[in-house]
Each structure stands twice: as C-alpha cells, then as structure tokens.
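Chemist: Which chain is which? The protein sequence lines are A and B, in order.
Heads up: the first sequence is residues 1 to 276, going by the working numbering.
Heads up: the second sequence is residues 1 to 143, going by the working numbering.
A few of these clues could be false.
Claimed, not checked - Which stretches of chain A does chain B cover? Using the computed rule of at least three CB atoms under 8 Å from a CB of chain B, they are:
no.	region
1	18-30
2	108-119
3	215-223
4	247-257
In short, the hints are calculated from the structure, not lab data.
Built from N, CA and C at the ideal position, the CB exists for glycine as well.
For reference, the chains in residue letters:
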Amino acid sequence: MKPLNFLTAEPADPTPDVGPRFRGGPFALFVAIFCAFSAAGGGLVLWREGLHLWAGLAALLSSAAALWALWDLIGRFRGHAAAQRSHAVLTDVFGFDIICTCRDVAATVFFDPDSLAAGSATRVLFFVENYASRQRIVHFRFGPHAALGLDEAQTCSLLLAAGQAAVYVLPRAVAPVAVPGEHDLPVTLRVESPTGAGLRLPVGRHHLHDLRTVHFAAPFTLGNASTSPAPAAVSEKPRYVSLASLGEPAPRLELLASVLGTAPTAGITTHSAEPS
Amino acid sequence: MITPELLHRLRLAQRRSAQEQQLLSGRDWILVAGLVQLLSGLHPLFVLINQRVLGSAPRPGVPPGVELAAEVALAAAFVLLWSWARYAPFRAAMTAVVAFLLVHGALGLLEPRTLLAGAVVKSLILVGLVHAARTGYLRHRPL
Numbered sequence: 001m002k003p004l005n006f007l008t009a010e011p012a013d014p015t016p017d018v019g020p021r022f023r024g025g026p027f028a029l030f031v032a033i034f035c036a037f038s039a040a041g042g043g044l045v046l047w048r049e050g051l052h053l054w055a056g057l058a059a060l061l062s063s064a065a066a067l068w069a070l071w072d073l074i075g076r077f078r079g080h081a082a083a084q085r086s087h088a089v090l091t092d093v094f095g096f097d098i099i100c101t102c103r104d105v106a107a108t109v110f111f112d113p114d115s116l117a118a119g120s121a122t123r124v125l126f127f128v129e130n131y132a133s134r135q136r137i138v139h140f141r142f143g144p145h146a147a148l149g150l151d152e153a154q155t156c157s158l159l160l161a162a163g164q165a166a167v168y169v170l171p172r173a174v175a176p177v178a179v180p181g182e183h184d185l186p187v188t189l190r191v192e193s194p195t196g197a198g199l200r201l202p203v204g205r206h207h208l209h210d211l212r213t214v215h216f217a218a219p220f221t222l223g224n225a226s227t228s229p230a231p232a233a234v235s236e237k238p239r240y241v242s243l244a245s246l247g248e249p250a251p252r253l254e255l256l257a258s259v260l261g262t263a264p265t266a267g268i269t270t271h272s273a274e275p276s
Numbered sequence: 001m002i003t004p005e006l007l008h009r010l011r012l013a014q015r016r017s018a019q020e021q022q023l024l025s026g027r028d029w030i031l032v033a034g035l036v037q038l039l040s041g042l043h044p045l046f047v048l049i050n051q052r053v054l055g056s057a058p059r060p061g062v063p064p065g066v067e068l069a070a071e072v073a074l075a076a077a078f079v080l081l082w083s084w085a086r087y088a089p090f091r092a093a094m095t096a097v098v099a100f101l102l103v104h105g106a107l108g109l110l111e112p113r114t115l116l117a118g119a120v121v122k123s124l125i126l127v128g129l130v131h132a133a134r135t136g137y138l139r140h141r142p143l
C-alpha cells in the first residue's frame, strides 16, 4: 500500500478530535431496535422449544449488538451538547454555491482568473471545509489536461482538522499552443476519516446532502495566445493555507488576501506542497 | 482583510464552477433516465414472453412487441443524448424531453392505459429530464 503523504495547512490547526468515533445516526437506531426485538423474540422462541443454550447465545449476541448501537446513540447525544458551531466559511462567509458535502467536507474548485490567454498563468483554487468534529484527509484527483501541462492525473491529499476551512492554491501555466475556447479540468474528490466519522457540526441554515465521491469540472476560458511565444514562467509555489479554525473566534481571511492579492506571474517550481 | 473586489471575483468564478458541477449532474440524469426507461421495458417483455412462449391470450391495445420496441429505442436514444450532452447539454436535454413526450404521447393515444401503467416511474424520468434541461439552460444564462 502506498504510504499516505498529505499536506498540513499553514498555520497548523491544533484543534483536537471530539465526539464519538461512530456517528450513531438512524442506522444505529434501527440496529438497536431490531437487535433488541431479535434478542427478546428469538431468545423466547428458542427457550420454549427447549433449546436453552441456543436461546442464551441468540439473546446474548443480539443484546450485545443492541447495546453497542445504543452506546453509539448515547455518544451522539452527549457529543451534540459539546459540539461547537462551524464558522461556515464556504457557505456563509464567502457565500459560495455549495450543493453537497463529501463525508462532511464541503469543497469547491475553480480557476482564478478563469478567463485567460494561451501562454499565461493562472491558479487552481481548492477550497475545503470540514463540517465534522473529527479530522478528515481530503484527496483531490485532477487532470489529465494537456493545456495545463498535466499529461496524467495528479493527486493531492490535504489534512483538515475538525471544523477547519482551508484553501490549496496550485499555480499553473497554460501551454502557449493550447486551443482557444472553453476548457474543463476534471476533478474528483474523495475523503477519508482516519479517526472515525465524529459528529456533524451545525452549519447555519444550510442542509447539504452527503456523498461518498464528488466530481467537479473546473471551467476556464482560453483566448488567443499572448504576444510572447514563451510560456509564462511563474515563481509562485503551491500553498495550503488555513482560513478558519474551531479554536479561533473568527475566520482568518487576511492569509487568503495575501495569497491571492497579486496576479500570478512567473514559473512553477517544485515545492513540498506540490501534488504527487 | 479580504477586499470586496476580490470576494466578488472569487464568487463569480466559483458560481461558474458550481454551474459546471450541476451540469455534470444534469447530464447524468439523462443516463439514469435511459437506464430506468430500459428497466420499464421489462413489463412488455414479460407480456410478450407470456403470449409467445406460454400461449396466453393477447390483450387489447398496443401489442407488447411495439411497446417493447418503443421503450428500448427510447432508452438507446437517451444514451446517445447523454453522450451528446457533453457538448450541447441544453439541446440534448430538450431533445430527450421532447422524445420522451412524443413516444409516451403516441403510446397513450393508441392505448390510454399505458399512460397510467408505471406513472410514478414516468414522472420521475420526466422530472430528471427537466432537471437536466434546467441545468443546461443555466449554463448559457449570463451570471
């Protein structure tokens, strides 16, 4: 198995995981009720048939499953009382159009600028926000896209602390010979929960459906080639910047402003935050 | 602090990206409609097998062979339109809506009972196709 190599946002978010490992939602309630009925019904039927050992075993196993599910439900209610409110940076502060989450992580991917000339430079912005009370590892798989110099699909893995919002900024140069017109960068999002699902944090009035995999098509419009025949040389490095933390009273947007404040210039160089 | 101009620029670019994402979902609706359409062809297939193999009495109305051919042809058309929707999502979705209404309208004229048979499934397919057309239309509307 390939070793997990993920990026941590700067500055680091020390927010610890809180809440139960297992969420204990409607499925746990169903398991608790079903197993309780099975323990009582199955145990009594087998007991009356004279199969006392089997009756005891059936009752024991079903009761254990029911108690385990019940414990998850109790953990859910206890955790809800202690859960902090998410900053809802993507949905409320930025007002982004977010239609769903992927295992409690809201994400959006787009270009800035998204209208550019062939041979110029741009940035791909991967905004992510964790609406869970436990950490997540976010895997973005993007490409291939010839115009962006991506001959094959690449993956970047980002660590998100509980309730953290962050942005991964990936500078790219467009090939000077790229065909003008509308382009889409295919992006697939998958999320891991290495320390358990945890609880869903309250996110204002928004109801977001949760999916296992989310696909994006980040669009950009390519005009005619710039006058310079050489490709844009950009010195900007990929950065993964934290925007909000549960431990802080308000989101920290000045970092985003400092990263995006200037137009991208100069060449892409290798860096520790480069996707693998 | 982030400036209103930067925030506005980000919102515009994100909204465009979100519309592309919805477009992916709209395109998938056409494919799902095709698959559901194919599944709804199972009923006339069973009726046809009953008549041809088991020798049951033919029912009045549209022959099951015609109904099956119409359902399968419509499903195949949806798969082709799904492929076309990559390049022209709005036109593909509108063509799918029109084809669906024409085929089921014609079957309904021949035998009104076919409109009621599987009405829930037909309604779901139509909702999906209208959703696909809506997302295709939104793409071309200025932000």
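Chemist: Count the residues of the region 215-223 of chain A with a beta-carbon closer than 8 Å to any beta-carbon of chain B: does the count reach three?
Modeler: holds (count 5)
Chemist: Can you confirm whether chain B covers the region 247-257 of chain A, using C-beta to C-beta distances below 8 Å and requiring at least three such residues?
Modeler: Held - the region 247-257 of chain A has 4 residues with a Cβ nearer than 8 Å to chain B, which meets the minimum of three.
Chemist: For the region 108-119 of chain A, do at least 3 residues have a Cβ located nearer than 8 Å to some Cβ of chain B?
Modeler: holds (count 7)
Chemist: Three residues or more, CB to CB closer than 8 Å: is that satisfied between the region 18-30 of chain A and chain B?
Modeler: violated (count 0)
Violated hint: 1 only; the structure is consistent with all others.
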